[in-house]
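A.B. asks: Single-letter residue listing:
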Amino acid sequence: EPEVTQTPSHQVTQMGQEVILRCVPISNHLYFYWYRQILGQKVEFLVSFYNNEISEKSEIFDDQFSVERPDGSNFTLKIRSTKLEDSAMYFCASSEARLVGTEAFFGQGTRLTVV
Amino acid sequence: RKEVEQDPGPFNVPEGATVAFNCTYSNSASQSFFWYRQDCRKEPKLLMSVYSSGNEDGRFTAQLNRASQYISLLIRDSKLSDSATYLCVVKGAAGNKLTFGGGTRVLVKP
Numbered sequence: 022e023p024e025v026t027q028t029p030s031h032q033v034t035q036m037g038q039e040v041i042l043r044c045v046p047i048s049n050h051l052y053f054y055w056y057r058q059i060l061g062q063k064v065e066f067l068v069s070f071y072n073n074e075i076s077e078k079s080e081i082f083d084d085q086f087s088v089e090r091p092d093g094s095n096f097t098l099k100i101r102s103t104k105l106e107d108s109a110m111y112f113c114a115s116s117e118a119r120l121v122g123t124e125a126f127f128g129q130g131t132r133l134t135v136v
Numbered sequence: 005r006k007e008v009e010q011d012p013g014p015f016n017v018p019e020g021a022t023v024a025f026n027c028t029y030s031n032s033a034s035q036s037f038f039w040y041r042q043d044c045r046k047e048p049k050l051l052m053s054v055y056s057s058g059n060e061d062g063r064f065t066a067q068l069n070r071a072s073q074y075i076s077l078l079i080r081d082s083k084l085s086d087s088a089t090y091l092c093v094v095k096g097a098a099g100n101k102l103t104f105g106g107g108t109r110v111l112v113k114p
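Top line first, the protein sequences correspond to chains A and B.
Okay, so the first sequence: first residue is 22 according to this note's numbering, each after it adds one.
Okay, so the second sequence: first residue is 5 according to this note's numbering, each after it adds one.
Note that these hints are calculated values from the structure, not bench results.
Here a beta-carbon is modelled for each residue, glycine too, at the ideal position from N, C-alpha and C.
Accuracy of the hints is not assured; some may be wrong.
No more than 30 angstroms apart at the CA atoms, straight line, and that leaves these computed lysine-lysine pairs for DSS-like [unchecked claim]:
id: 1; chain 1: B; residue 1: K49; chain 2: B; residue 2: K113
id: 2; chain 1: A; residue 1: K63; chain 2: B; residue 2: K46
id: 3; chain 1: A; residue 1: K78; chain 2: B; residue 2: K46
id: 4; chain 1: B; residue 1: K46; chain 2: B; residue 2: K101
id: 5; chain 1: A; residue 1: K99; chain 2: B; residue 2: K113
id: 6; chain 1: B; residue 1: K101; chain 2: A; residue 2: K104
id: 7; chain 1: A; residue 1: K104; chain 2: A; residue 2: K63
id: 8; chain 1: B; residue 1: K101; chain 2: A; residue 2: K78
id: 9; chain 1: A; residue 1: K104; chain 2: B; residue 2: K46
id: 10; chain 1: B; residue 1: K49; chain 2: B; residue 2: K83
id: 11; chain 1: B; residue 1: K113; chain 2: A; residue 2: K78
id: 12; chain 1: B; residue 1: K46; chain 2: B; residue 2: K83
id: 13; chain 1: A; residue 1: K104; chain 2: B; residue 2: K49
id: 14; chain 1: B; residue 1: K6; chain 2: B; residue 2: K46
id: 15; chain 1: A; residue 1: K63; chain 2: B; residue 2: K101
id: 16; chain 1: B; residue 1: K6; chain 2: A; residue 2: K78
id: 17; chain 1: B; residue 1: K49; chain 2: A; residue 2: K63
id: 18; chain 1: A; residue 1: K63; chain 2: B; residue 2: K83
id: 19; chain 1: A; residue 1: K99; chain 2: A; residue 2: K78
id: 20; chain 1: B; residue 1: K49; chain 2: A; residue 2: K99
id: 21; chain 1: A; residue 1: K63; chain 2: B; residue 2: K113
id: 22; chain 1: B; residue 1: K6; chain 2: A; residue 2: K104
id: 23; chain 1: B; residue 1: K6; chain 2: A; residue 2: K99
id: 24; chain 1: A; residue 1: K99; chain 2: A; residue 2: K63
id: 25; chain 1: A; residue 1: K63; chain 2: A; residue 2: K78
Simulated coverage check for chain B against chain A, where a stretch passes if three residues somewhere in it have a Cβ under 8 angstroms from a Cβ of chain A [what the hints assert, rightly or not]:
id: 26; region: 43-52
id: 27; region: 102-112
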């Protein structure tokens, strides 16, 4: 069964450092997303990406964040200068289409710890 | 008002019993509705989509009430493996982002 894969599974970084979280979406999917979940809180939308550009982003996704699809398979989230409050589980997701009812499939997540 | 609101629980359920819980959403223009399941520190996994006419998948039944803006999930004959957090998820008409509720925790006990 095709799946979304994310690397690394856990990343520890010092405050102020840049991190890049990597994702390989399901191969025939066209829409890609990043969500995050702070421990004990709900899953929050960060950004959606389609046709090599951001299609929607939340207020969380400020200038410290960027996304890229550097090649035909990877989808990355970069946090330029990490803060303690960026510590969270980051989930990548992809979906086949934007149609009503189309489900999104989630990767297993990257646990980011900023110290 | 929160966009998607759920009773956090936990719902302590004897094995074999039936449990039901709701979720309310604030945006009347929402178009798609889902129940996802999340195990501790794992990714959300789709349990079922929710259709206007209501739908059933094995022991799970989902209902949508657009007039009152709520979605329900009923689990029959609960198994120990049903212990998880159930996430109510809503997609709007304009974009394709998913909005998650805080989750309802279900603990099935022998």
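A.B. asks: Does each hint hold? Answer for all of them.
C.D. replies: Hint check results:
no.	hint	verdict
1	B:K49 to B:K113	holds, 22 angstroms
2	A:K63 to B:K46	holds, 13 angstroms
3	A:K78 to B:K46	holds, 24 angstroms
4	B:K46 to B:K101	holds, 20 angstroms
5	A:K99 to B:K113	violated, 42 angstroms
6	B:K101 to A:K104	holds, 25 angstroms
7	A:K104 to A:K63	holds, 19 angstroms
8	B:K101 to A:K78	holds, 9 angstroms
9	A:K104 to B:K46	holds, 23 angstroms
10	B:K49 to B:K83	holds, 18 angstroms
11	B:K113 to A:K78	violated, 41 angstroms
12	B:K46 to B:K83	holds, 19 angstroms
13	A:K104 to B:K49	holds, 29 angstroms
14	B:K6 to B:K46	holds, 24 angstroms
15	A:K63 to B:K101	holds, 14 angstroms
16	B:K6 to A:K78	holds, 19 angstroms
17	B:K49 to A:K63	holds, 14 angstroms
18	A:K63 to B:K83	holds, 25 angstroms
19	A:K99 to A:K78	holds, 14 angstroms
20	B:K49 to A:K99	holds, 25 angstroms
21	A:K63 to B:K113	holds, 25 angstroms
22	B:K6 to A:K104	holds, 26 angstroms
23	B:K6 to A:K99	holds, 29 angstroms
24	A:K99 to A:K63	holds, 21 angstroms
25	A:K63 to A:K78	holds, 17 angstroms
26	43-52	holds (count 6)
27	102-112	holds (count 6)
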